[in-house]
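Participant: Spelled out from the first residue to the last, the chains are:
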Amino acid sequence: MSTAECAALRCTGLVKRYGPVLAVDGLDLDVRAGECFGLLGPNGAGKTTTIEILEGLLEPDAGTVEVLGHRWADGARRLRERLGIQLQETRLEEKLTVEETVRLFRAFYREGRSVDEVVRFVELQAKRRSRVGRLSGGQRQRLAVACALVGRPDLLFLDEPTTGLDPQSRRQLWALLEVFRRDGGTILLTTHYMDEAEALCDRVAIVDRGRVIALGSPAELIASLGAAHVIEFALAEPGVPPSDDRLRALPGVSDVRRENGAVQLASDVPHLAVPALLAAIAGDGARLALLTTHSATLEDVFVALAGRHLRDT
Amino acid sequence: MAASTSPLVQLTLVRIREYTREPEALFWVFVFPVLMTLALGIAFRSQQAAPVHVGIEAVTGSDALAAMLAGAPGLDVRQVPGDRIDAALRDGEIEVVVRPGTPPVYRYDPSRPESRLARLAVDDALQRAAGRVDRWAPAEEAVVTPGSRYIDWLVPGLVGLNVMATSLWGIGFSIVQARTRKLLKRLTATPMRQRDFLLAQITGRLLFLLPEVAVLVGFAWIAFDVRIRGSLWLFGAVTLLGTLSFAGLGLLMASRARTVEAMSGLLNVIMLPMWLLSGVFFSTANFPAAVQPLLQAIPLTALNDALRAVTLEGAGPAAIAGEAGILAIWGIATFAGALRLFRWQ
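Chains A and B, in that order, give the protein sequences. At position 55 of the first sequence the residue is numbered 54 (numbering that gives the first Met the number 0), and the sequence of numbers has no breaks. At position 73 of the second sequence the residue is numbered 72 (numbering that gives the first Met the number 0), and the sequence of numbers has no breaks.
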């Protein structure tokens, strides 16, 4: 393994068109060895297209890709020996057992882990003789990760690894990825779950319409909102919310955004901002239809930058 | 326990497991051809003894006519009301209808061989009953020796049909399924050699060839005493070559199809003409001379002709070199086409 500052993956100016649709629009990335890097964005943002270009499964229309210091054109097979890949929605052969599936994938790599070791790592020992068709969603996803890890990869690609899983299965998978990280592995993953990106990733690129619109650690990105909390409210008809200027003048309010009739206030001190807001509304003679507060998340970063929610699309 | 680390071995094992763990596939491959042989064998075994079915239009004079035909050998005579005649002829219940009169009228479909035969038989019987004297009574030799019956001719054609069907369906479906479930794409994301994957499809097929053909040939031998006159090795070699040829065609057909439905359609489009044109159930000699070269170039025709030559005439390798060449050309051309066109994603 190289030092932590060395690039595990680098791409510049990636462009990919599907007919008239621009799926990836001049995307640059730089993933350091040993980090967990997340591509976070709504469905259709171009995350899967991007990761499949990086995996050498799709040709970009423009741009350069360097994986572990090599280009795909310089010998894909040698490069593949060092990569572990989990694709979105692959359904492995259902009539094979867990053990048979892992053994098949092991056979493709010159060097790697033993089947036993990988099956134990993903905690499927009890299921090793079960057919893939009888596994739960979480077990199938762990098997997919086992197939990606069996070649002892330096770099692991995961495309929406926990989509559709129950909370317990998600946490179990996250724990596995933490162990892979601790052993020095690099991870690039895509997700549209902000909590997943916050839990796993050292750095996140927020992707929208094929471009990176923000880049940094989850903490940095959240800090860029200017406040640690979000207060959201809406008024019952026919109330009209106070103007942005009035809201911004309330004690403890640092920013104001509006979205679909609801208003969001950024604040570091909600215990001051909320009473002031309530007093202002009561003074207008209006009634609240909604009032919530939460700690700012990557979702709020996305809303602030893209003007809509991650899950809207 | 199957711990080989060769990708080709592992991929072939996948094919075998996929297959043996699918009871339906085993039915179509092993049981269905045997049932078909059994049904056809029984249907055609009694053909020589089958009587000619004659109808007499039920009008005045029909009883007298029936009496004239009553003693004639090989005729099954019944009276049919006038409004039933066309339906009975169409459905094959009767092959010719006699309308009483002087002379009688024969109503039949001259495009049906069995109707022409019935017309001759009933005319012969009526003329004789009316007083015609035959110039001689010929001696007859019935052909019932194994090797010359319809079932002897049929079985090699069924072997050919089975080789074609299992190769095309077996390979076509497993590949298209792997493509729709994105398994092909997942495999190309590993260092797997694509060649290994395609070869494993073929080796998997070859491993099943022996039991498949052995069951069918063995059943025909036990149930109907169908024997292979030529070398068993040569028979095996021809089926092997046929399998390789159709495996190539199967790969080519599966190289682009994205859905199982598209694959079924494609396979039906190429298999149905071969069912009809390649001499499985009736000889290709029934088709006009002008299209014969075309028929001979179809891989199933070549396979069937070669299998029949070995089975019925005891032909040696030299005698079937032409058919073998046609099969080899199909195999090589389709495999090369599949390699070029194959879509992994």
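By construction, these hints were calculated from the structure, which means they are not laboratory data. A couple of the hints might just be wrong.
What the hints assert, rightly or not - Below, computed lysine-lysine pairings styled on BS3-like, alpha-carbon distance capped at 27 Å: (1) A:Lys94 <-> B:Lys181; (2) A:Lys94 <-> A:Lys126; (3) A:Lys94 <-> B:Lys184.
Unchecked claim - Simulated restraints, written as ranges between beta carbons of each label pair: (4) B:Leu25 <-> A:Arg133: 19 to 27 Å; (5) A:Glu58 <-> B:Tyr149: 20 to 28 Å; (6) B:Ser110 <-> A:Tyr17: 50 to 58 Å; (7) A:Tyr17 <-> B:Asp90: 30 to 38 Å; (8) A:Leu21 <-> B:Leu25: 32 to 40 Å; (9) B:Val259 <-> A:Arg133: 52 to 60 Å; (10) B:Arg194 <-> A:Ala261: 57 to 65 Å; (11) B:Arg194 <-> A:Lys94: 41 to 49 Å; (12) B:Ser263 <-> A:Val14: 34 to 42 Å; (13) B:Ser263 <-> A:Asp24: 56 to 64 Å; (14) B:Ser263 <-> A:Arg127: 34 to 42 Å; (15) A:Lys94 <-> B:Leu271: 28 to 36 Å; (16) B:Leu231 <-> A:Lys94: 28 to 36 Å.
Said to hold, decoys possible - Here's a subset of chain B near chain A, in silico, CB distances under 8 Å, partners left out: (17) Lys181; (18) Arg185; (19) Pro190; (20) Gln193; (21) Leu340.
Just so you know, even glycine gets a beta-carbon here, dropped at the ideal spot from N, CA and C.
Participant: With reference to the structure, classify each hint as holding or not holding.
Facilitator: So, going through the hints one by one against the coordinates:
1. A:Lys94 <-> B:Lys181: Status holds; Cα separation ~16 Å.
2. A:Lys94 <-> A:Lys126: Roughly 14 Å separates the two Cα atoms, so the pair holds.
3. A:Lys94 <-> B:Lys184: Distance ~19 Å between Lys94 (chain A) and Lys184 (chain B) Cα, so the pair holds.
4. B:Leu25 <-> A:Arg133: 19 to 27 Å: holds, 21 Å
5. A:Glu58 <-> B:Tyr149: 20 to 28 Å: violated, 58 Å
6. B:Ser110 <-> A:Tyr17: 50 to 58 Å: holds, 57 Å
7. A:Tyr17 <-> B:Asp90: 30 to 38 Å: violated, 58 Å
8. A:Leu21 <-> B:Leu25: 32 to 40 Å: Check failed, 50 Å falls outside 32 to 40 Å.
9. B:Val259 <-> A:Arg133: 52 to 60 Å: Check failed, 22 Å falls outside 52 to 60 Å.
10. B:Arg194 <-> A:Ala261: 57 to 65 Å: Roughly 58 Å apart at Cβ, these two residues keep to the hinted range, so it holds.
11. B:Arg194 <-> A:Lys94: 41 to 49 Å: violated, 24 Å
12. B:Ser263 <-> A:Val14: 34 to 42 Å: holds, 38 Å
13. B:Ser263 <-> A:Asp24: 56 to 64 Å: violated, 40 Å
14. B:Ser263 <-> A:Arg127: 34 to 42 Å: Holds: the Cβ-Cβ distance is about 35 Å, inside 34 to 42 Å.
15. A:Lys94 <-> B:Leu271: 28 to 36 Å: Holds, at about 30 Å.
16. B:Leu231 <-> A:Lys94: 28 to 36 Å: Cβ of Leu231 (chain B) to Cβ of Lys94 (chain A): about 34 Å, so the range 28 to 36 Å holds.
17. Lys181: Cβ of Lys181 (chain B) sits 5 Å from chain A, so the hint holds.
18. Arg185: Since the shortest Cβ distance to chain A is 4 Å, the answer is holds.
19. Pro190: Cβ of Pro190 (chain B) sits 4 Å from chain A, so the hint holds.
20. Gln193: Cβ of Gln193 (chain B) sits 10 Å from chain A, so the hint is violated.
21. Leu340: violated, 18 Å
Checked against the numbered hints above, the structure breaks hints 5, 7, 8, 9, 11, 13, 20 and 21 and satisfies the rest.
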